[in-house]
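Protein chains in written order, with this note's numbering: chain D, 6 to 281; chain F, 31 to 339.
Rather than coming from a laboratory, the hints here were simulated on the basis of the structure.
Heads up, the beta-carbon is just placed ideally off N, CA and C, and yes, glycines get one too.
Mixed in with the good hints there might be a few duds.
Sample of chain D residues at the chain F side, in silico, Cβ under 7 Å [to be verified]:
| no. | residue |
| --- | --- |
| 1 | D135 |
| 2 | F180 |
| 3 | S181 |
| 4 | R219 |
| 5 | V225 |
| 6 | L235 |
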Amino acid sequence: MILTILVILSVVIATLLLLRSRRQSADTVQGVASVSPFPATPGGSILRRYVSAISDPGVNETQLATLGQKLADAAAEVVPALIETWRATPGQETGLRWALVYSAPITGPSAVPFLREVVLSPVLPERSSDPHGYSTKAWDSIVRSRAVDGLESLAVAGAPGAESALLECLSHELFSIRALSAIALLNLPGGGERREQVQRALPQVERSVVDIQRVRVSVVPQVRDPRKHLASVIGHRVLSPPDPSDGRVDPQRTKSAYGVRRRGMHPPTISGGRNG
Amino acid sequence: MADCTYSVPDKDASGDNFYAPVICYQPFIDWAWSAFNFDGDYWGDGWGFDDCCNTDKPLARTFNALWLLSYSADDWQNDSYDSNILHWGHRYVTDNIGGYPLRPGCGPGGKNATTYGAGCTEYRETVKYDCTNYRDDGYSACDRWDSNCCDWWPCSWGCKLITWFCVAWYWVSALVCTAWGYVASFFCTIGNEIANAVGDTKHINLWNTEYFYGLTVPPRASCILHECRHIGGKAHNADFPSWSNRTPGSSGADTSWDYEGAWMYDALYLWWFYDSGARTTSAIRGLAKDAANDIILNCFTTLPGFTVL
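Extracted from the complex, chain D is given alone in its bound form (with noise of 0.2 Å):
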């Protein structure tokens, strides 16, 4: 009798999701254009050349040494494209303002009023529909966070303004900016000394983030077993990755030698129709 039921609500499932979900057409999508935010200035050419080659394969960290070095030399002119740079990006660009902060320490003390801004200006309402997904609230707030640990490193340095900032960063309106920035006091030369005015700061309820450990991954708990977490005990192996030391481009090749060879699909048009 109960395996009936079971059976039949299983149905009705199979129904309902069939009803719900019905196999979709595959959507199209184009690129636009968009515009570079760098001013066209001394100062941001450096600045561009130094964000490039931060996460540029060719540039190995003494040639990155030396390009820091040119920014800090040139921080008079590079502080102003930042600022300028900054206030051209758009919000969705999460990349390149993480990137512009990121840089900015590089420049010294000079760019404590440009981290203090950016950490403190107003974080706009979220965005984003599914703030589980993809949430914009989320992203100024990773954005900020670096401002936080660039503060820090300028404070350690002995950068005038970078704690007193940090210390603003106290009453900022995201925890996460709030418990950052209390971790970072702490965590300075002399931080233990400031333990209490920095609680006192905090609000009432958050006042136990004093005691937020800053520690290494592997001191973390790890996952028990991901053995236990497969969908199916069989799984999907297939071979190993290709060994990638070979990867690299081949100018030699053309383009359609690298293309993807599946279910014998043939190439689509960009933005077209579909077709295969």
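Following the hints, complete the assembly by docking chain F onto the known chain D.
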């Protein structure tokens, strides 16, 4: 006329220019295409099928994330589950993604990715987790009762007997409860598979523009791991807490780090990548650090009590 459009953010800052040269390697593309279960019917029409090295397009940007996921351990050949998640992250994805074709889509807006059809496994695991918690709470209650027992005969014997009944009750109830989860999930899976055979209900969708252009490369990689944790059986089990930068009170958070849900996998991968990631740059690792801290401080209803060093 395309169904949706994108503009390409700065590719140096996103890390896409860094990974672009290494993904453009036919053996990797052949392997990734099969291992990550790409659905070939969906990656044409501007998504990059015929231009798969072009990191302006969604397909190459997905390859970037999968390359990071596959080769960021120094000894990338070691994908043992006894190692850390930096090693087995890609294996976990390929082990789970088998029945779930990977597709792009224009999307509803506001989403990175959505996994369809994992509800039955999630239900089973949620029931199992709740039953285990119920049992453990019960055992604690039995222990508390036992510790307050009288120490004079025959009261002590009677009290001990009640303790045994108490423990047995919670043991049996948890067993029945867990068994129910498995039985219900079994029939749910039958229904789901029928629906999938007819109506194609199981797949992972990566959404334009958020996944391909809103995320930088490391969160793009950890996002796929996050989705596969759902396939592996863990749904989010809490609402975002009052302090979260996501919408407080809305669903999608996990109760704790120890729940070992999708947020823990997501953050843990980013953290290991920051700590020990190879074949990358300091800046890309720094981005992973900030993304991990963001999850740690905003996506658990019980704060884990640590941040990234």
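Comparing the hints with the structure gives:
{"no.": "1", "hint": "D135", "in the structure": "holds (4 Å)"}
{"no.": "2", "hint": "F180", "in the structure": "holds (4 Å)"}
{"no.": "3", "hint": "S181", "in the structure": "holds (4 Å)"}
{"no.": "4", "hint": "R219", "in the structure": "holds (4 Å)"}
{"no.": "5", "hint": "V225", "in the structure": "holds (6 Å)"}
{"no.": "6", "hint": "L235", "in the structure": "holds (5 Å)"}
Violated hints: none; the structure is consistent with every hint.
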